[in-house]
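Participant: What follows is each chain in one-letter form.
Protein chains: 4
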Amino acid sequence: MTISSKRVESFSDNVIGIIITIMVFQLRFPRLNAQFTQHDVWHNLIPLIPHFIAYVVSFVVIGVMWVNHHHMFHLIQKVDEKLLWLNLHMLFWMSLIPFPTAMLGDNPFLPQACMMYGVVMLMNALAFRIIRMHIIKHELMYKENEEQRNSAVDEVNNRVKVKNLIGIAAYIVSIPMSYVSVYIAYACFMVLPAMFFIPDGVKTRFDVAKPVAEK
Amino acid sequence: MTISSKRVESFSDNVIGIIITIMVFQLRFPRLNAQFTQHDVWHNLIPLIPHFIAYVVSFVVIGVMWVNHHHMFHLIQKVDEKLLWLNLHMLFWMSLIPFPTAMLGDNPFLPQACMMYGVVMLMNALAFRIIRMHIIKHELMYKENEEQRNSAVDEVNNRVKVKNLIGIAAYIVSIPMSYVSVYIAYACFMVLPAMFFIPDGVKTRFDVAKPVAEK
Amino acid sequence: MTISSKRVESFSDNVIGIIITIMVFQLRFPRLNAQFTQHDVWHNLIPLIPHFIAYVVSFVVIGVMWVNHHHMFHLIQKVDEKLLWLNLHMLFWMSLIPFPTAMLGDNPFLPQACMMYGVVMLMNALAFRIIRMHIIKHELMYKENEEQRNSAVDEVNNRVKVKNLIGIAAYIVSIPMSYVSVYIAYACFMVLPAMFFIPDGVKTRFDVAKPVAEK
Amino acid sequence: MTISSKRVESFSDNVIGIIITIMVFQLRFPRLNAQFTQHDVWHNLIPLIPHFIAYVVSFVVIGVMWVNHHHMFHLIQKVDEKLLWLNLHMLFWMSLIPFPTAMLGDNPFLPQACMMYGVVMLMNALAFRIIRMHIIKHELMYKENEEQRNSAVDEVNNRVKVKNLIGIAAYIVSIPMSYVSVYIAYACFMVLPAMFFIPDGVKTRFDVAKPVAEK
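Residue numbers (the numbering used here), protein chains in the order written: chain A, 1 to 215; chain B, 1 to 215; chain C, 1 to 215; chain D, 1 to 215.
Please note that the accuracy of each hint is not assured.
Stated by the list, open to error - Capping the alpha-carbon separation at 20 Å, the derived lysine to any residue pairs in SDA-like fashion look like this:
#	chain 1	residue 1	chain 2	residue 2
1	D	137	D	165
2	B	161	B	190
3	A	82	C	64
4	C	82	D	71
5	B	137	B	76
6	D	82	B	71
7	A	163	B	85
8	B	163	B	194
9	B	161	B	135
10	C	82	D	75
11	D	78	B	68
12	D	6	B	76
13	B	6	A	82
14	A	163	A	123
15	B	163	B	132
16	D	82	B	157
17	C	82	D	56
18	D	163	D	108
19	D	137	D	85
20	D	6	B	64
21	C	163	C	127
22	A	82	C	68
23	C	6	D	76
24	C	161	C	127
25	D	82	B	74
26	D	137	D	77
27	B	78	A	67
28	D	82	B	159
29	B	6	D	25
30	C	161	C	72
31	C	6	C	67
32	A	82	A	127
33	A	6	C	68
34	B	163	B	119
35	B	163	D	6
36	B	161	B	138
If you're looking for bench data, these hints aren't it; they were derived computationally from the structure.
Work out the full structure: start from the sequences and follow the hints.
Facilitator: Okay, structure coming up:
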């Protein structure tokens, strides 16, 4: 791992850290005046529920992206000029996530808000796929101890690739579905976080962890 | 300490740094018009006092968390997939802290604001405990010079564990107490920061510092 | 590369990461009431278009700056006191970018907004040039394997220097042009991002990448 | 320099980077309606001037603090528990800087705003002094090549100590002076940035730079 790859990672971490944290500022509760009633309290708390749910989903998706970014760059040995730009491209779409998240939190039943969320998430999943294809095509990955690593890494890579493609498909479907029923669109949004968040067996998880930890 | 563990630490530092800093933007003083009176000034400054107190308490709690996170990850040698997720889980609850802090700053006598603060802080303390249990269970800690370190580290770990459990208890108590008296809830919120902030003797503090500094 | 140079880079990355991310919070869509019409939706979405365009342009310019900062500091071996200050000077002008970006997003046809954008961008390009001149004058660059590196590095340096000077000229022109026609000013703003963003041949890009990756 | 000291530095850099950047969001220009006049434009731009000046002054002061923090921690070999807390204490007062900066930008002639700025800055200068005293008292500094370094380092330390004490005195004077004349208070606020920003001779600056660069 070169110093350059470390700077790309640390810059990405800064940007991802800001995106994941700052969305919480959509959760705002006003100052109540002295004669407030219980009704006033709940009247102000209830509209925060969709914001909270939107925050949780976006936090999980960005968390999934960070973990995958971590794994991907951990295996990178060479950083070329184009990778810097492709990474910035991904960060651009990631930095847009707070916008549809807030829009959906404010208007949970607005088809355009759903569609916007689907579009931004689709672009994120595609940006990830483009980086992965560039790394594989230009052979930027780490090659030491190739035999030891290959089986575990290949397994992970294939599984992540399949999950990424399913995620892309789900987000594509969500876009027209926003106009049919927002609930179908919501279900589509859950596909990617569910796939990564729900473990696929403790054993394989630790196969993944080993090369990360023992290097 | 592997490169991976460093990236987890640096990402956590980004997120914690943003959370701890950005709460200060709740402190706002309006532009006064040209004919302002001394009364106008104080009328706008006084409501900032609960905000300031809430900011100080949350700053100290997040500071305590950062110092403990620092100590905990300093001892970690292996990072597995699950630890990444548990750390993100902790950062999720930590990222919510600005919300009840602002709500309480705006409405210092609202039981629901107190309760919300207690719930978020309880989840933070629990998230910390879950990470600690995972590290111990899966033996992810650093094992070099075990004999040298063990006595100091064990002492620290035990003390932190006890403080963490007392903090969890205090936050659990604070939740129903919010509806009895907000002052009792406030007292509960002070337990955890007080335990970590007030030194337990200069001598033991330097026992803690040694393994941190000489590695 | 000394530890000090790393801290300058990491601090710059923090600041650049915040600037590039936080501009997205200018994109805000209000909460619509229950009786909203399609007209209300589009009435609120359309004014976001100039904000989105301004965001994209500023993101690309800051991205270009980050990539160049990365290349420049990658070659630096010695950090002197003055370089710290010149870097802070550049970060100052960079931190102002969100202001004219938001002003232009809100008022896309206001000459003063255009002029302000041109002035801030000009100061950024000049601040970059000042750092580059300081590094060359005081010979702070890395000198190992000089013969191997020189040809590739010199080529890159010359090309970046020429692009930087063209960018400065374009921003100088944009300032009076804002009062003639905002469209001419917009065209000037596109010069610098276009020069860096559009690749100048895959072969030369990889010449650039090699010293970055193999060090 | 231990890994722990690096994490303290990088956490501090995150927090300082956020503080120094985010103040710019006080500079806001409203969306003008289609029938705006030149008067409207200037009516909205002129109140931004005190905000801009306050931003520049606070940026310079925080920049001075970052450079000094950089120098101070560069010389630190051992990090003890208390240093973590003293550093958080300094970051607390630093994180408050945006509040009086915005208050003063909105109300440049309000004595209470001036006083608040003076108090927060005084606490920052004192927090810095407390860290420096702790480091010297507990001998946490780097001791390798002591003879080579001592003369340069001692000279710098003494000069920084004197500047810090003069700054503390200036901020103490500014507090009562805010009620006599805000202009006298403004002059006091300029003392510390002026002392650090104006170079005290190129030769001594490079004596400072050498231990930073050649380590």
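Participant: Each hint needs a verdict: does it hold in this structure or not?
Facilitator: Here's how the hints hold up against the structure:
For the proposed pair residue 137 of chain D and residue 165 of chain D, the alpha carbon gap of about 18 Å is at most 20 Å, so the pair holds. Proximity of residue 161 of chain B to residue 190 of chain B is assessed by CA-CA distance (about 18 Å); at most 20 Å being required, the pair is judged to hold. Using a Cα cut-off of 20 Å, the hinted pair residue 82 of chain A and residue 64 of chain C holds, with the two alpha carbons roughly 12 Å apart. Taken as a hint, the residue 82 of chain C and residue 71 of chain D pair is honoured in the structure, with Cα atoms around 13 Å apart against an allowance of 20 Å.
Distance restraint check for residue 137 of chain B and residue 76 of chain B: the Cα-Cα separation of roughly 13 Å lies within the 20 Å cut-off, and the hinted pair is therefore satisfied. About 13 Å separates the Cα atoms of residue 82 of chain D and residue 71 of chain B, which keeps this hinted pair within 20 Å; it holds. Taking the CA atoms of residue 163 of chain A and residue 85 of chain B, the gap is near 18 Å; set against the 20 Å cutoff, the hint holds. A distance of roughly 10 Å separates the Cα atoms of residue 163 of chain B and residue 194 of chain B; the hinted pair therefore holds under the 20 Å criterion.
Our distance criterion of 20 Å between C-alpha atoms is met by residue 161 of chain B and residue 135 of chain B, whose separation comes to about 13 Å. This hinted pair checks out: residue 82 of chain C and residue 75 of chain D have alpha carbons roughly 19 Å apart, not beyond 20 Å. Using a Cα cut-off of 20 Å, the hinted pair residue 78 of chain D and residue 68 of chain B holds, with the two alpha carbons roughly 18 Å apart. Restraint check for residue 6 of chain D and residue 76 of chain B: satisfied, since their Cα atoms lie roughly 16 Å apart, inside the 20 Å limit.
A hinted pair counts as satisfied when its Cα atoms are at most 20 Å apart, and residue 6 of chain B with residue 82 of chain A does not qualify at roughly 26 Å. Distance restraint check for residue 163 of chain A and residue 123 of chain A: the Cα-Cα separation of roughly 15 Å lies within the 20 Å cut-off, and the hinted pair is therefore satisfied. A distance of roughly 13 Å separates the Cα atoms of residue 163 of chain B and residue 132 of chain B; the hinted pair therefore holds under the 20 Å criterion. At roughly 18 Å between alpha-carbon atoms, residue 82 of chain D and residue 157 of chain B fall within 20 Å of each other, so this suggested pair holds.
The hinted pair formed by residue 82 of chain C and residue 56 of chain D meets the criterion: a straight-line CA distance of about 19 Å does not exceed 20 Å. Straight-line distance between C-alpha atoms of residue 163 of chain D and residue 108 of chain D comes to about 27 Å, which puts the hinted pair past the 20 Å bound. Proposed proximity of residue 137 of chain D and residue 85 of chain D is supported: the alpha carbons are some 16 Å apart, at most 20 Å. For the hint pairing residue 6 of chain D with residue 64 of chain B, the CA-to-CA distance comes to about 18 Å; that is within 20 Å, so the pair holds.
A C-alpha spacing of about 14 Å is found between residue 163 of chain C and residue 127 of chain C, which places the hinted pair at or below 20 Å, so the restraint holds. Restraint check for residue 82 of chain A and residue 68 of chain C: satisfied, since their Cα atoms lie roughly 13 Å apart, inside the 20 Å limit. Distance restraint check for residue 6 of chain C and residue 76 of chain D: the Cα-Cα separation of roughly 16 Å lies within the 20 Å cut-off, and the hinted pair is therefore satisfied. Simply put, residue 161 of chain C and residue 127 of chain C have alpha-carbon atoms about 13 Å apart, close enough for the 20 Å limit, and the pair holds.
At roughly 17 Å between alpha-carbon atoms, residue 82 of chain D and residue 74 of chain B fall within 20 Å of each other, so this suggested pair holds. Distance hint between residue 137 of chain D and residue 77 of chain D is fulfilled; the C-alpha atoms sit about 14 Å from each other, no more than 20 Å. Distance check on the hinted pair: residue 78 of chain B and residue 67 of chain A sit about 16 Å apart at the alpha-carbon level, within 20 Å; holds. Among the hinted pairs, residue 82 of chain D with residue 159 of chain B is consistent with the structure: their alpha-carbon atoms are about 17 Å apart, no more than 20 Å.
Distance check on the hinted pair: residue 6 of chain B and residue 25 of chain D sit about 32 Å apart at the alpha-carbon level, beyond 20 Å; violated. At most 20 Å may separate the alpha-carbon atoms for a hinted pair to count; residue 161 of chain C and residue 72 of chain C meet this at roughly 11 Å. Proposed proximity of residue 6 of chain C and residue 67 of chain C is supported: the alpha carbons are some 15 Å apart, at most 20 Å. Between the alpha carbons of residue 82 of chain A and residue 127 of chain A the distance comes to roughly 13 Å, so the proposed pair stays at or under 20 Å and holds.
For a cut-off of 20 Å, the pair hint linking residue 6 of chain A to residue 68 of chain C stands: about 16 Å separates their Cα positions. Using a Cα cut-off of 20 Å, the hinted pair residue 163 of chain B and residue 119 of chain B holds, with the two alpha carbons roughly 18 Å apart. Between the alpha carbons of residue 163 of chain B and residue 6 of chain D the distance comes to roughly 27 Å, so the proposed pair goes past 20 Å and is violated. Of the pairs offered as hints, the one joining residue 161 of chain B and residue 138 of chain B holds, with about 17 Å between alpha carbons and a cut-off of 20 Å not exceeded.
Figure legend: structure checked against the earlier numbered hints; hints not met, in rising order: 13, 18, 29, 35.
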